[in-house]
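Chemist: So the chains spell out like this:
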Amino acid sequence: MDESKTGITLLDPTSESTPTKRDLSPRSASIGGLTIGLLDINKPRGDVFLDRLEEHLGQRGATVLRFAKPTFTKPAPADLRHQIATQCDAVIEALAD
Amino acid sequence: MTVDPGRIDELRVRFGGSSLNSRRVEVASIEDETEMIFQRGWTDGLPVVPPTASRVLRMLEGTTRQPDEVVALVPPNLVECTVEKVAINAVMAGCRPTYLPVVLAAVEAVCTDDFNMHGILATTMGVGPVLVVNGPIAKRIGMNSGVNALGQGNRANLTIGRAVQLVVRNVGGGRPGGVDRATHGSPAKLSFCFSEDEAGTPWTTLAEDRGFDRNSDVVTVFCGEAPRILVDQKSRSAESLVQMLAEGLRASISHDVVMGMDGMLVISPEHMARFRDSGWDRERFMTELAPHLMIDLAEIQLNRSGDLGQESSENNADLKLPKFRPGGLLVVHAGGSAGLFSAVVGGWLNGPMGSEPTSREITP
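Top to bottom, those sequences are chains L and G.
Sequential numbering of the first sequence, starting at 0, is according to numbering that gives the first Met the number 0.
Sequential numbering of the second sequence, starting at 0, is according to numbering that gives the first Met the number 0.
Keep in mind that the hints were calculated from the coordinates and are not lab data.
We put the beta carbon where it would ideally sit given N, CA and C, even for glycine.
Among these hints, one or two may not hold up.
As a list, the in silico DMTMM-like pairs of lysine to aspartate or glutamate whose alpha-carbon atoms are at most 20 Å apart [stated by the list, open to error]: (1) L:Lys73 with G:Asp179; (2) L:Lys68 with G:Asp112; (3) L:Lys73 with G:Glu355; (4) L:Lys73 with L:Asp46.
Covered by chain L, per the in silico footprint, the following chain G stretches (three or more residues, Cβ under 8 Å) [to be verified]: (5) 44–57; (6) 161–171.
Can you build the whole structure from these sequences, using the hints too?
Modeler: As C-alpha cells, this is what we get:
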C-alpha cells in the first residue's frame with residue numbers, strides 16, 4: 000500500500016472543529032447595585048441553597064432575579080440563556096441534592 | 000487484481016479516496032501509530048485499529064449511504080456527523096463493514112433529543128447507551144444473543160457498541176472529566192450491545208413490542224447501567240418465578256426509586272422455559288408481574304429518616320405505585336441455554352425529564 004511507504008496517513012476521527020474563544024466579561028468589583036440571576040437547575044433542594052444566597056445578595060444591595068431550568072438533565076434552553084444574559088450582570092447556577 | 004487481490008485496497012484509495020473529506024493526519028515513519036492515537040486522545044483507553052483511507056473506504060462499502068450525508072448532530076457539542084466520520088470511528092472500534100448500518104442507526108437513535116445523550120454523559124450516574132439489536136441482520140452479521148451475550152468475546156456485539164461510544168467521544172466531544180461527569184462510570188460505558196434471541200422465545204420480540212415488524216432490522220437504545228444478575232434456581236412454576244424476578248426488579252437502582260427510572264429485564268432461555276411451559280405470552284407475563292411491582296409508599300417512608308423523609312407527604316401513607324411507569328420496563332430474551340438466571344439493567348431518569356428508550360430501523 001502506498002500509505003505505508005513513509006509512515007501511514009490516518010483520517011481524523013474528530014469533528015475537526017475549533018471552539019471559538021471568548022473572553023470572560025469584566026468582573027465587577029462589588030455586588031451592590033448589580034442584577035444577579037440565580038439559576039436553579041431543578042435538582043432537589045437547589046431552592047434551599049438559592050434562597051439563602053438571595054438573602055445574602057439582597058443584604059449587600061444586589062437585585063436578584065430567579066430562573067429555573069425545566070430539567071437538570073438537559074442544557075438550559077436558548078431562550079432562558081438569552082433572558083439571563085440580557086437581564087443580568089452576573090449569574091449564579093446552583094447544583095444541589 | 001486476479002493475481003494480487005490485495006491491490007484492490009490500493010486502487011480503492013487511488014480512485015475513491017477523493018470522496019473522503021476528513022483531514023489527513025500523517026504519522027512519521029518512526030512514530031508508532033497506536034501510541035500516536037492514544038496521545039491525541041482518540042481512544043476510549045483501549046487500542047484502536049488505525050483509520051487509514053483504505054480501511055475507511057472498505058468500511059463505507061457496508062452502506063449505500065453517501066460519505067458526506069449527515070447522520071446526526073452529535074452531543075454534547077452538537078456537531079454535524081457524516082457517514083464518513085461514523086465509518087472512521089467504526090474502523091477504529093474494530094467493526095466489519097457489515098456492521099456499519101447498525102452503527103449508523105444506533106448513532107441516529109442516541110443523538111435524538113428524546114434519548115438525551117448530553118444528559119447521559121453529564122450525569123454523575125454511571126449510565127450509558129445499551130444497544131439491543133432485533134431482526135435478521137443480527138444473525139447475518141454474527142451478533143451474539145446466546146452464551147455470554149452481555150459479556151466479552153463477540154466482535155459484532157463489542158465493536159458496534161464501542162463505535163457508537165467513539166463517535167460520541169471523538170465527534171461529539173463527550174469525554175470523561177469533560178462533559179462526562181460520572182462518579183464511578185461503568186464497564187458498560189465502553190460497549191454494551193447485544194441481540195435478542197428471537198428464535199428461542201415463544202414471545203414477541205422487543206422490537207415487535209415497540210411497534211416494529213418482526214422481519215425489520217431494528218436497534219433499540221436504552222440508557223442503562225451495568226447488568227445485575229437475578230438468581231432463581233428454585234422456582235418450578237411461572238407464578239413463583241415471576242414473583243422472584245419482581246423481587247429483583249423492585250431493587251433496581253434503589254428500593255426507593257418508584258416510576259422515575261426505567262429498567263430492562265433480560266430473561267434467559269431456562270427462565271423463559273418456565274413461562275413457555277405455562278403457556279404465558281409476553282402480555283400474560285406483564286399482567287402477572289404488575290401486582291408484584293406495586294410499591295407501598297409507606298414502606299419506603301418507614302425506612303427514611305432525615306431530610307428526605309420530611310419531604311414525603313403523610314397523605315401518601317396508603318398509596319401504592321408501580322415500580323416502573325407504563326412502558327418503562329423493557330423485556331428481552333437472551334443468554335446461554337443453561338443457567339437459571341436473568342438480568343436487570345437499571346435505567347436513569349425517564350421521559351422528557353431524562354431519557355426515552357429509542358428505536359430506529361436499520362437500513363442498508
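Chemist: Next step is simple, just say for each hint if it's right about the structure.
Modeler: Outcome of the hint check:
{"no.": "1", "hint": "L:Lys73 with G:Asp179", "verdict": "holds, 13 Å"}
{"no.": "2", "hint": "L:Lys68 with G:Asp112", "verdict": "holds, 16 Å"}
{"no.": "3", "hint": "L:Lys73 with G:Glu355", "verdict": "holds, 13 Å"}
{"no.": "4", "hint": "L:Lys73 with L:Asp46", "verdict": "holds, 18 Å"}
{"no.": "5", "hint": "44–57", "verdict": "holds (count 6)"}
{"no.": "6", "hint": "161–171", "verdict": "holds (count 4)"}
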